[in-house]
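Asker: Spelled out from the first residue to the last, the chains are:
Protein chains: 2
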Amino acid sequence: MDGIVNTSAAQLAARYGGAAPDVAAPANQVLDTLLGHRSIRAFLPTPLADGVLETLVAAAQSAPTSSNQQAWSVVAVQDPARKARLAALANGQKFITQAPLFLCWVADLSRLSRLGKAHGRHLEGLDYLESFMVALVDAALAAQNAVVAAEALGLGTVYVGALRHHPEKVAEELALPPNAFAAFGLSVGHPDPAVPSAVKPRLPQSLVLHRERYTVADEPAEIAGYDQRLGDFSERVGMGRQDWTQRMISRVGTAASLSGRHRMKEALRALGFTLR
Amino acid sequence: MDGIVNTSAAQLAARYGGAAPDVAAPANQVLDTLLGHRSIRAFLPTPLADGVLETLVAAAQSAPTSSNQQAWSVVAVQDPARKARLAALANGQKFITQAPLFLCWVADLSRLSRLGKAHGRHLEGLDYLESFMVALVDAALAAQNAVVAAEALGLGTVYVGALRHHPEKVAEELALPPNAFAAFGLSVGHPDPAVPSAVKPRLPQSLVLHRERYTVADEPAEIAGYDQRLGDFSERVGMGRQDWTQRMISRVGTAASLSGRHRMKEALRALGFTLR
Numbered sequence: 000m001d002g003i004v005n006t007s008a009a010q011l012a013a014r015y016g017g018a019a020p021d022v023a024a025p026a027n028q029v030l031d032t033l034l035g036h037r038s039i040r041a042f043l044p045t046p047l048a049d050g051v052l053e054t055l056v057a058a059a060q061s062a063p064t065s066s067n068q069q070a071w072s073v074v075a076v077q078d079p080a081r082k083a084r085l086a087a088l089a090n091g092q093k094f095i096t097q098a099p100l101f102l103c104w105v106a107d108l109s110r111l112s113r114l115g116k117a118h119g120r121h122l123e124g125l126d127y128l129e130s131f132m133v134a135l136v137d138a139a140l141a142a143q144n145a146v147v148a149a150e151a152l153g154l155g156t157v158y159v160g161a162l163r164h165h166p167e168k169v170a171e172e173l174a175l176p177p178n179a180f181a182a183f184g185l186s187v188g189h190p191d192p193a194v195p196s197a198v199k200p201r202l203p204q205s206l207v208l209h210r211e212r213y214t215v216a217d218e219p220a221e222i223a224g225y226d227q228r229l230g231d232f233s234e235r236v237g238m239g240r241q242d243w244t245q246r247m248i249s250r251v252g253t254a255a256s257l258s259g260r261h262r263m264k265e266a267l268r269a270l271g272f273t274l275r
Numbered sequence: 000m001d002g003i004v005n006t007s008a009a010q011l012a013a014r015y016g017g018a019a020p021d022v023a024a025p026a027n028q029v030l031d032t033l034l035g036h037r038s039i040r041a042f043l044p045t046p047l048a049d050g051v052l053e054t055l056v057a058a059a060q061s062a063p064t065s066s067n068q069q070a071w072s073v074v075a076v077q078d079p080a081r082k083a084r085l086a087a088l089a090n091g092q093k094f095i096t097q098a099p100l101f102l103c104w105v106a107d108l109s110r111l112s113r114l115g116k117a118h119g120r121h122l123e124g125l126d127y128l129e130s131f132m133v134a135l136v137d138a139a140l141a142a143q144n145a146v147v148a149a150e151a152l153g154l155g156t157v158y159v160g161a162l163r164h165h166p167e168k169v170a171e172e173l174a175l176p177p178n179a180f181a182a183f184g185l186s187v188g189h190p191d192p193a194v195p196s197a198v199k200p201r202l203p204q205s206l207v208l209h210r211e212r213y214t215v216a217d218e219p220a221e222i223a224g225y226d227q228r229l230g231d232f233s234e235r236v237g238m239g240r241q242d243w244t245q246r247m248i249s250r251v252g253t254a255a256s257l258s259g260r261h262r263m264k265e266a267l268r269a270l271g272f273t274l275r
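If you read the sequences in order, they're chains A and B.
Number 6 in numbering that gives the first Met the number 0 belongs to position 7 of the first sequence; there are no gaps in the numbering.
Number 53 in numbering that gives the first Met the number 0 belongs to position 54 of the second sequence; there are no gaps in the numbering.
Hints listed in this document are in silico derivations from the structure and should not be mistaken for laboratory results.
These numbers come from a predicted model, not from an experiment.
Careful, some of the hints might be misleading.
One copy or any two copies: either way a pair holds, since identical chains are not told apart in the list.
[To be verified] Simulated pairs of lysine to any residue, SDA-like, Cα-Cα distance not exceeding 20 Å:
| id | residue 1 | residue 2 |
| --- | --- | --- |
| 1 | K82 | H121 |
| 2 | K264 | L274 |
| 3 | K264 | R275 |
| 4 | K199 | Q227 |
| 5 | K199 | N67 |
| 6 | K199 | R235 |
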């Protein structure tokens, strides 16, 4: 990377913990925003300016969507009491109440289902796992555009997968109709400058990017190197030494490690998804 | 929107077919890129510059990922013969062979599975639907960052959901290990300037954005208005008059309308996903 002095090069080094791929992208505000992403878990109480929510949703709606199905919705929660109740359902994470805005991203087949009913039709295709996957991917593409837009506006965000700990209770809180599922949350607000954040190193690109066909040749050695770099990083930012390998094994090692989400299929069926 | 003259305002009007929400975002290169998205289905044969693929993947790896699981991979296909075989499996879409790069985004639990095995462990959490959903969402967040990065570099993209028509055959072509699933493709290349593209209007924001709780009050009238605007748009760009309502009903009306994807659960199980 010697000799490349644009911002992206420094960000790439941070992104890979020093083991950055050899790219030569021109300095670019969009790439800088993407490569500079870090999750924010401490927010100022400052409210969002008028129009920010609508801008984030317009960015989200600008994302691609499968066959223009637009099989997602978002519930914007700003009421402190509702944020607190949702936080309690989502592992008690404090930043949910702290941030002025909590977006609940909904994999939403209910709109198409209502459309069918209004025309006297049960839309059978919606009963299949495929349609649920379309809705989930649509919601994710939309949400990620909102994340990028928020960061472009100087805001910080963090996704909240723990919103899936109690899907039925969350659906009740948000008054979701059948065939709508709050897939994940997103806290949005002004980052607290007193709490530092950092770009977290990812796996080396060689493990994630495969050329023509999937290969696993150097995986053990590459993962050992990543364990080392992530350990160095987590120690440096004061989180104590973390090891990716051990963290992953404890994160998905047992059904219990899924924090209640092992009953996802049952929860989705209770919410009206047939998942054939 | 009178009086707001930045690029985003014009893009918002295009995005909503004239029924744009009242936002006042400052001119910003990132927002312009997001709001200006359109899918590109005609590409020049021009190859991508060196480093572009690596830049796109670095942007993808910069996206958030659930608990840093990084449960996705991408297979970059540039070999014309392989692109042609994949195109044949994905509804014969011509732009797949036309674009210099076809990215296959993989919901990938195999890396974590191998990590467990290397430590003498079956990671039971990976057997649950929840883990498959994490991998699918991780892949989508990553892919969308790559889309935004590509557009920032002046390239065009289009997602290919038809890559799910024959999941087992695609897995074989890409040599995917068990517990890896090619969730969707993405063609990337230089847009053919001779083939115009346009920003497609989306549903009015009021149908997608809910405040505090989900509401459906004005849906039928709002959808009728959208049918009108989308019809006007599709007629104007020479695609003939399209009606969202009728298109959606035919797209998901029956199992057969899913073009083979009604057997997704069976296909995923064949690929090693238990989906408990």
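Asker: Could you run down the list of hints and mark each one as holding or not?
Answerer: Right, here's what the structure says about each hint:
1. K82 <-> H121: Classified as neither; 35 Å inside a copy, 37 Å across copies.
2. K264 <-> L274: The answer is both: 8 Å in one copy and 8 Å across copies each meet 20 Å.
3. K264 <-> R275: both (11 Å within a copy, 7 Å between copies)
4. K199 <-> Q227: Close inside one copy (13 Å), not across copies (46 Å); limit 20 Å.
5. K199 <-> N67: Result: close only across copies, 9 Å inter versus 34 Å intra.
6. K199 <-> R235: Within. Shortest intra-copy distance 11 Å satisfies the 20 Å Cα cut-off; inter-copy 46 Å does not.
When each numbered hint is compared with the structure, a violation occurs for hint 1 only.
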